[in-house]
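Protein chains: 2
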Amino acid sequence: MANQLTQLTGVFSALADPTRRAIVGALGRGPTSVSVLAEPFDMALPSFMKHLSVLERSGVIRSSKSGRVRTCELRPKPLSQAEAWIARQRAVWETRTDRMSALVEQLHQEDFDRGRP
Amino acid sequence: MANQLTQLTGVFSALADPTRRAIVGALGRGPTSVSVLAEPFDMALPSFMKHLSVLERSGVIRSSKSGRVRTCELRPKPLSQAEAWIARQRAVWETRTDRMSALVEQLHQEDFDRGRP
Numbered sequence: 006m007a008n009q010l011t012q013l014t015g016v017f018s019a020l021a022d023p024t025r026r027a028i029v030g031a032l033g034r035g036p037t038s039v040s041v042l043a044e045p046f047d048m049a050l051p052s053f054m055k056h057l058s059v060l061e062r063s064g065v066i067r068s069s070k071s072g073r074v075r076t077c078e079l080r081p082k083p084l085s086q087a088e089a090w091i092a093r094q095r096a097v098w099e100t101r102t103d104r105m106s107a108l109v110e111q112l113h114q115e116d117f118d119r120g121r122p
Numbered sequence: 006m007a008n009q010l011t012q013l014t015g016v017f018s019a020l021a022d023p024t025r026r027a028i029v030g031a032l033g034r035g036p037t038s039v040s041v042l043a044e045p046f047d048m049a050l051p052s053f054m055k056h057l058s059v060l061e062r063s064g065v066i067r068s069s070k071s072g073r074v075r076t077c078e079l080r081p082k083p084l085s086q087a088e089a090w091i092a093r094q095r096a097v098w099e100t101r102t103d104r105m106s107a108l109v110e111q112l113h114q115e116d117f118d119r120g121r122p
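Sequences listed follow chains A and B, in order.
Using my numbering, read the first sequence as starting at 6 and increasing by one per residue.
Using my numbering, read the second sequence as starting at 6 and increasing by one per residue.
Keep in mind that the hints were calculated from the coordinates and are not lab data.
Not one of these hints is a red herring.
Repeated chains share a single entry, so a pair holds when one copy, or any two copies, can fit it.
Mimicking SDA-like on lysine to any residue, the simulated pairs with C-alpha atoms at most 20 Å apart in a straight line are: (1) Lys55 to Ala27; (2) Lys82 to Thr37; (3) Lys82 to Gly35; (4) Lys55 to Ser18; (5) Lys82 to Asp103; (6) Lys82 to Thr102; (7) Lys82 to Ser106; (8) Lys70 to Ser58; (9) Lys55 to Glu44; (10) Lys70 to Phe53; (11) Lys55 to Pro45.
Turn these sequences into a full structure, and let the hints steer you where they fit.
The following block contains the structure:
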């Protein structure tokens, strides 16, 4: 449980940056070398590597080196856990608003039954 | 578009903290006064108020004051936008892995048709 809390914090923190979200978007299309991944970004390589490092520490991506080429790939599970966390909050909220709507409907019906429009 | 980028950054940043996620969880059950909301947290009120302020700036919650009581409530739209962003990344990733599975299946079938088990 503590691990999952830490992981959620890491994942949300990793996504709290437009460059890192763009990297996640690019890696959705498949594993990519760091140099190809960095190309569209107007950013010095060390800054770009820092973003990759934040993403890798959060578990959202992983990288491996073959010869001189480092390749990054998406790990979908941490993203799914973050999505599931938000979905759970939405479910609680929606259940409550559904119950409130039902209650309002019931009160209207009771007024109507008593002949008070 | 720029606004939505900023908003997503704010929402993910707001969720990158276990106390703030717990506040979101509590507010899913309905609008709550700050004092009731703060009760379960072992935290000085000014620190707690800072967390509320981060959540409010991100748009995830809003608060209003009536007399001496400040009440917070959840605003579900920013959370839904963050959830939708993750869902879109997952859709891209799943489409790719489905295509890859189909390709592997096709190659196996071609080998089989040529009599190479």
